[in-house]
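Fit chain B to the known structure of chain A by using the hints.
Those protein sequence lines, which keep their order, are chains A and B. Read in order, the letters of the first sequence are residues 1 to 59 in the numbering used here. Read in order, the letters of the second sequence are residues 1 to 401 in the numbering used here.
Keep in mind that the hints were calculated from the coordinates and are not lab data. Glycine included, each C-beta is placed from N, C-alpha and C at the ideal position. It cannot be assumed that every hint is accurate.
Said to hold, decoys possible - With a cut-off of at most 20 Å between alpha-carbon atoms, the simulated EDC-like pairs for lysine to aspartate or glutamate come out as follows:
| hint | chain 1 | residue 1 | chain 2 | residue 2 |
| --- | --- | --- | --- | --- |
| 1 | B | Lys160 | A | Glu4 |
| 2 | B | Lys72 | B | Asp90 |
| 3 | A | Lys28 | B | Asp224 |
| 4 | B | Lys72 | B | Asp20 |
| 5 | B | Lys339 | B | Asp224 |
| 6 | B | Lys367 | B | Asp224 |
What the hints assert, rightly or not - Simulated DEER-style distance windows between Cβ atoms:
| hint | chain 1 | residue 1 | chain 2 | residue 2 | range |
| --- | --- | --- | --- | --- | --- |
| 7 | B | Pro274 | A | Leu25 | 34 to 42 Å |
| 8 | A | Ile22 | B | Leu399 | 46 to 54 Å |
| 9 | A | Ala10 | B | Pro21 | 45 to 53 Å |
| 10 | B | Gln11 | A | Glu4 | 19 to 27 Å |
| 11 | B | Pro282 | A | Glu4 | 40 to 48 Å |
| 12 | B | Val28 | A | Ala10 | 40 to 48 Å |
| 13 | A | Ile22 | B | Asp71 | 54 to 62 Å |
| 14 | A | Ala10 | B | Gly205 | 25 to 33 Å |
| 15 | B | Ser232 | A | Leu25 | 19 to 27 Å |
| 16 | B | Thr398 | A | Gly29 | 23 to 31 Å |
| 17 | A | Tyr26 | B | Asp186 | 21 to 29 Å |
| 18 | A | Ile22 | B | Tyr208 | 41 to 49 Å |
| 19 | B | Leu92 | A | Ala10 | 38 to 46 Å |
| 20 | B | Tyr208 | A | Glu4 | 32 to 40 Å |
Residue strings, one per chain:
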Amino acid sequence: MLIESIKTAAYVYFIAAIVAIIVALYIKGVVFYLHGRKKGKNKGVLSPVALKGAPEVKA
Amino acid sequence: MLEFKILDLFQGAATLMAADPTIAVARVLLMLFGIALVFLGAKNILEPLIMVPMGVGMAAVNAGVMFLSADKMGTIFVDPLISDTAMLIDILQINFLQPIYTLTFSNGLIACLVFMGIGVLCDIGYVLAFPLTSMFIAICAEFGTVATFPIAIAMGLTPKDAASIAMVGGADGPMVLFTSLILSRDLFVPIGIVAYLYLSLAYGGYPYIVRFLVPKHLRAIKMDLKAIPKVSKTEKIGFSVITCTLLCFLFPVAAPLFMSFFLGVIIRDSNIAPFRKFIEGPILYGSTFFLGLILGVLCEAGTILNPVVFPLLILGMTALFLSGIGGIAGGYILYFFNKGKYNPVIGIAGVSCVPSTAKVAEHEVQKIDPRVIILPYALGANISGVITSAIIAGIYITLLR
Numbered sequence: 001m002l003i004e005s006i007k008t009a010a011y012v013y014f015i016a017a018i019v020a021i022i023v024a025l026y027i028k029g030v031v032f033y034l035h036g037r038k039k040g041k042n043k044g045v046l047s048p049v050a051l052k053g054a055p056e057v058k059a
Numbered sequence: 001m002l003e004f005k006i007l008d009l010f011q012g013a014a015t016l017m018a019a020d021p022t023i024a025v026a027r028v029l030l031m032l033f034g035i036a037l038v039f040l041g042a043k044n045i046l047e048p049l050i051m052v053p054m055g056v057g058m059a060a061v062n063a064g065v066m067f068l069s070a071d072k073m074g075t076i077f078v079d080p081l082i083s084d085t086a087m088l089i090d091i092l093q094i095n096f097l098q099p100i101y102t103l104t105f106s107n108g109l110i111a112c113l114v115f116m117g118i119g120v121l122c123d124i125g126y127v128l129a130f131p132l133t134s135m136f137i138a139i140c141a142e143f144g145t146v147a148t149f150p151i152a153i154a155m156g157l158t159p160k161d162a163a164s165i166a167m168v169g170g171a172d173g174p175m176v177l178f179t180s181l182i183l184s185r186d187l188f189v190p191i192g193i194v195a196y197l198y199l200s201l202a203y204g205g206y207p208y209i210v211r212f213l214v215p216k217h218l219r220a221i222k223m224d225l226k227a228i229p230k231v232s233k234t235e236k237i238g239f240s241v242i243t244c245t246l247l248c249f250l251f252p253v254a255a256p257l258f259m260s261f262f263l264g265v266i267i268r269d270s271n272i273a274p275f276r277k278f279i280e281g282p283i284l285y286g287s288t289f290f291l292g293l294i295l296g297v298l299c300e301a302g303t304i305l306n307p308v309v310f311p312l313l314i315l316g317m318t319a320l321f322l323s324g325i326g327g328i329a330g331g332y333i334l335y336f337f338n339k340g341k342y343n344p345v346i347g348i349a350g351v352s353c354v355p356s357t358a359k360v361a362e363h364e365v366q367k368i369d370p371r372v373i374i375l376p377y378a379l380g381a382n383i384s385g386v387i388t389s390a391i392i393a394g395i396y397i398t399l400l401r
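Same shape as in the complex, but just chain A (with noise of 0.2 Å):
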């Protein structure tokens, strides 16, 4: 049981790794799209808000 539970676990964190790989790609692919044809008109810290904190609210 433990044997497979440990094997479950693996399978469950493999599968979760290529979902993130694969949105992570597809973000990065849509960011190099957009911004590589903008040839860095778009550089700059992301918003003042971010250095200030975030908001209080928590889950």
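Just chain B, lined up with the frame of chain A:
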């Protein structure tokens, strides 16, 4: 004048005398614990938004036990164990919190509403700015979510219960509730309580893990803020709607969570001010309030004395601890991969307690050097953590349901 015994007048005390001594002691301890939670919440030592209503509920439900019939004791707060339809209709007219429990809690609605609120608070642009590193950190920080599963099995839990308690490693309260509601309905009350108690404590415990695992000179590594690209609202909306559709397509059982989160994100970036105000105000605060209150009133002595609660306490802590270690390990991997130009503290933000762990990361580096700012990177990992937690919840539910 009518004749009556004095204890008939004060049934809270009468039930305490009539109950099994273990239950009686547990009731008194839980009343005191509830009062302590209110105090700690009000002092901001624990998360006040959850702990204040939860503490009041816990103290009140354990005090307010009465004789429902000659041989039955109970409360008129909520009965979580009713499944028979006719009895449920009866009890809905008696227990004052039963409608909220039955219609929002036991079907996962409240978890989804909180998740929608989290979506409104999250700027998905941080994920779009650093997709690969954010997702990598987030998946590393899910280590506790998967490593706790075999540990729980070894401690005698069923696979469904093991997966539910392992989800505490994702540090996402609504996710834990949603998973345990589907996978282990009998245990979702203690699992929910353990999850929210630990999530409040994570804010206080993670700084020590960071200090222990990351030496001061590494905590002071500056991140390049000029390299952060601006992300337009159109890109954010496009990404959100496509990713939501894709993830719902892959994991239909977790579709309510994905939809709720990304709907919040899209409303934020669509500038629909009335919806945004409605979700981040009444919906989020209302759901959080009732979530805390219902969790509190579910903490009856009989529930807490369930022998399985003790292993759950250990496993919840293990899950959060391992996730923290995994996140920092991910930070170190990126530190070596980037030849020392990546602050490993960002790793702790992969544990998706939005935005607490990102704030912990920022706070810890600022204590070493106030000029170091890692918050944009930390929030990217943080929000990615929400997405990876939902992915793992979807996989667990699909595999084990």
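Hint by hint, here is what the structure shows:
| no. | hint | in the structure |
| --- | --- | --- |
| 1 | B:Lys160 with A:Glu4 | 14 Å, holds |
| 2 | B:Lys72 with B:Asp90 | 17 Å, holds |
| 3 | A:Lys28 with B:Asp224 | 19 Å, holds |
| 4 | B:Lys72 with B:Asp20 | 13 Å, holds |
| 5 | B:Lys339 with B:Asp224 | 14 Å, holds |
| 6 | B:Lys367 with B:Asp224 | 19 Å, holds |
| 7 | B:Pro274 with A:Leu25: 34 to 42 Å | 36 Å, holds |
| 8 | A:Ile22 with B:Leu399: 46 to 54 Å | 19 Å, violated |
| 9 | A:Ala10 with B:Pro21: 45 to 53 Å | 46 Å, holds |
| 10 | B:Gln11 with A:Glu4: 19 to 27 Å | 50 Å, violated |
| 11 | B:Pro282 with A:Glu4: 40 to 48 Å | 46 Å, holds |
| 12 | B:Val28 with A:Ala10: 40 to 48 Å | 45 Å, holds |
| 13 | A:Ile22 with B:Asp71: 54 to 62 Å | 59 Å, holds |
| 14 | A:Ala10 with B:Gly205: 25 to 33 Å | 27 Å, holds |
| 15 | B:Ser232 with A:Leu25: 19 to 27 Å | 20 Å, holds |
| 16 | B:Thr398 with A:Gly29: 23 to 31 Å | 27 Å, holds |
| 17 | A:Tyr26 with B:Asp186: 21 to 29 Å | 39 Å, violated |
| 18 | A:Ile22 with B:Tyr208: 41 to 49 Å | 35 Å, violated |
| 19 | B:Leu92 with A:Ala10: 38 to 46 Å | 45 Å, holds |
| 20 | B:Tyr208 with A:Glu4: 32 to 40 Å | 35 Å, holds |
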